[in-house]
Amino acid sequence: MARAANKAQAGGAARMVAALAKALREQLGLTQEEVGKMTGYTASAISAMETCAQPASDAMLVALEKAIGGGLGLFEKARKLMLMEKYPPQFQDFALMEAEAVTLSSYQTYVVHGLFQTPEYARALIGGGYPPLAEATVDELVDARIARKALFDRANPTPMIELILDEAALKRPVGSWDIQRAQLYALLEDAERDNVSLQVMSMSRGAKGSHAGTQGDMVLVVTKDHEHVVYLEIEDESNLISDPVKVARLSHRYAKIRSQAMSPDESLSFIRKLAGEERT
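Residue numbers (the numbering used here): 1 to 280.
Keep in mind the hints are simulated off the structure, nothing from the lab.
One thing to keep in mind: the hints can contain errors.
Said to hold, decoys possible - Mimicking EDC-like on lysine to aspartate or glutamate, the simulated pairs with C-alpha atoms at most 20 angstroms apart in a straight line are:
{"#": "1", "residue 1": "K273", "residue 2": "D178"}
{"#": "2", "residue 1": "K80", "residue 2": "D58"}
{"#": "3", "residue 1": "K256", "residue 2": "E162"}
{"#": "4", "residue 1": "K80", "residue 2": "E98"}
{"#": "5", "residue 1": "K66", "residue 2": "E34"}
{"#": "6", "residue 1": "K273", "residue 2": "E192"}
{"#": "7", "residue 1": "K256", "residue 2": "E266"}
{"#": "8", "residue 1": "K171", "residue 2": "E189"}
{"#": "9", "residue 1": "K224", "residue 2": "E98"}
{"#": "10", "residue 1": "K80", "residue 2": "D139"}
{"#": "11", "residue 1": "K208", "residue 2": "E167"}
{"#": "12", "residue 1": "K37", "residue 2": "D58"}
{"#": "13", "residue 1": "K77", "residue 2": "D58"}
{"#": "14", "residue 1": "K77", "residue 2": "E100"}
{"#": "15", "residue 1": "K246", "residue 2": "D225"}
{"#": "16", "residue 1": "K149", "residue 2": "D194"}
{"#": "17", "residue 1": "K80", "residue 2": "D93"}
{"#": "18", "residue 1": "K22", "residue 2": "D58"}
{"#": "19", "residue 1": "K246", "residue 2": "D217"}
{"#": "20", "residue 1": "K256", "residue 2": "D217"}
{"#": "21", "residue 1": "K80", "residue 2": "D153"}
{"#": "22", "residue 1": "K80", "residue 2": "D143"}
To be verified - Pairwise CB distance ranges (calculated):
{"#": "23", "residue 1": "R15", "residue 2": "S197", "range": "39 to 45 angstroms"}
{"#": "24", "residue 1": "D153", "residue 2": "E227", "range": "20 to 26 angstroms"}
{"#": "25", "residue 1": "K256", "residue 2": "E100", "range": "23 to 29 angstroms"}
{"#": "26", "residue 1": "L274", "residue 2": "G127", "range": "22 to 28 angstroms"}
{"#": "27", "residue 1": "E34", "residue 2": "A248", "range": "57 to 63 angstroms"}
{"#": "28", "residue 1": "R154", "residue 2": "P264", "range": "20 to 26 angstroms"}
{"#": "29", "residue 1": "K171", "residue 2": "E34", "range": "50 to 56 angstroms"}
{"#": "30", "residue 1": "A248", "residue 2": "S44", "range": "54 to 60 angstroms"}
{"#": "31", "residue 1": "E34", "residue 2": "E227", "range": "45 to 51 angstroms"}
Fair warning: this is a prediction, and the values are worked out from it, not measured in the lab.
Each residue gets a CB set at the ideal place from its N, CA and C atoms; glycine is no exception.
Model the full structure from these sequences, guided by the hints.
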């Protein structure tokens, strides 16, 4: 049933890879079993890829490029396209923009931003949602989410990444307290990067008379073309805002949120203390 669903739901990139792999295999006079041996996969896995019953994984694309790619680099180029298709539909339009961002500034109220998630946290979050997803789908979504971390190490230009997290997201366990604690330590490690800034918005902020972040999450991006956009997402629906007037309004709100959050040094001290607390 799952494989039949995969065939029906396969995207354009998966179908292109399937057709390309089959055409190159047949041009070389190879059987599916022979290609399987060359790539480290079974004949049934190659068959599943060629029929889109189980679209090629990133590792399979790398192996296919070496085995039957003929130096054309087509499977290598397909890797990014295949990765885009693994993202949830509401995120696909924004994914490439995020990967190429010059500046990314995010305010998150409920969970840790996807760029900063550990594999265990991401798996617990994705696998624990509703409606429940098939294990293979969870695997794909986790892999795609973790692949986004390449942004941290991208050069020329190195992106500036800023995250403001509501205190509640730090205290809300996802999966287990052990997973949450490991996520807190991962945040501390990421915050040590020269191109990363991390701040915490205190849950007591509202008691001071004003709280600019009560209307929810937002991600501000400066693109490689130096355009300013804002990405909003809620309940599997997304909105990518590019209108200059709306972007300016949301940017001003974000600036106010930043000013109301703890300083970076105070925030890291807060997270260190929280990570060291015993939880039962």
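Consistency of the hints with the structure:
1. K273 <-> D178: 15 angstroms, holds
2. K80 <-> D58: Satisfied, since the Cα-Cα distance of roughly 9 angstroms is no more than 20 angstroms.
3. K256 <-> E162: This hinted pair holds, its Cα atoms lying about 14 angstroms apart.
4. K80 <-> E98: 13 angstroms, holds
5. K66 <-> E34: 14 angstroms, holds
6. K273 <-> E192: 17 angstroms, holds
7. K256 <-> E266: The given pair, whose Cα atoms are some 18 angstroms apart, holds under the 20 angstroms limit.
8. K171 <-> E189: Roughly 18 angstroms between the alpha carbons, so the hint for K171 and E189 holds.
9. K224 <-> E98: Since the Cα atoms of K224 and E98 sit roughly 10 angstroms apart, the hinted pair holds (cutoff 20 angstroms).
10. K80 <-> D139: 17 angstroms, holds
11. K208 <-> E167: 16 angstroms, holds
12. K37 <-> D58: The hint holds at about 18 angstroms.
13. K77 <-> D58: Roughly 11 angstroms separates the two Cα atoms, so the pair holds.
14. K77 <-> E100: 16 angstroms, holds
15. K246 <-> D225: Holds, at about 19 angstroms.
16. K149 <-> D194: 15 angstroms, holds
17. K80 <-> D93: Since the Cα atoms of K80 and D93 sit roughly 13 angstroms apart, the hinted pair holds (cutoff 20 angstroms).
18. K22 <-> D58: 17 angstroms, holds
19. K246 <-> D217: 15 angstroms, holds
20. K256 <-> D217: OK: K256 and D217 at ~14 angstroms, within 20 angstroms.
21. K80 <-> D153: Holds. K80 to D153 sits at ~17 angstroms (cutoff 20 angstroms).
22. K80 <-> D143: Distance of about 13 angstroms is within 20 angstroms: holds.
23. R15 <-> S197: 39 to 45 angstroms: 41 angstroms, holds
24. D153 <-> E227: 20 to 26 angstroms: About 23 angstroms separates the Cβ atoms of D153 and E227, which means 20 to 26 angstroms holds.
25. K256 <-> E100: 23 to 29 angstroms: Holds - the Cβ-Cβ distance for K256 and E100, about 28 angstroms, lies within 23 to 29 angstroms.
26. L274 <-> G127: 22 to 28 angstroms: Hint holds: Cβ distance 24 angstroms, inside 22 to 28 angstroms.
27. E34 <-> A248: 57 to 63 angstroms: 59 angstroms, holds
28. R154 <-> P264: 20 to 26 angstroms: 22 angstroms, holds
29. K171 <-> E34: 50 to 56 angstroms: Holds - the Cβ-Cβ distance for K171 and E34, about 55 angstroms, lies within 50 to 56 angstroms.
30. A248 <-> S44: 54 to 60 angstroms: For S44 against A248, whose Cβ atoms are near 55 angstroms apart, the range 54 to 60 angstroms holds.
31. E34 <-> E227: 45 to 51 angstroms: Because 48 angstroms falls inside the window, the suggested range holds.
This entry satisfies every hint, going by the numbered hints stated previously.
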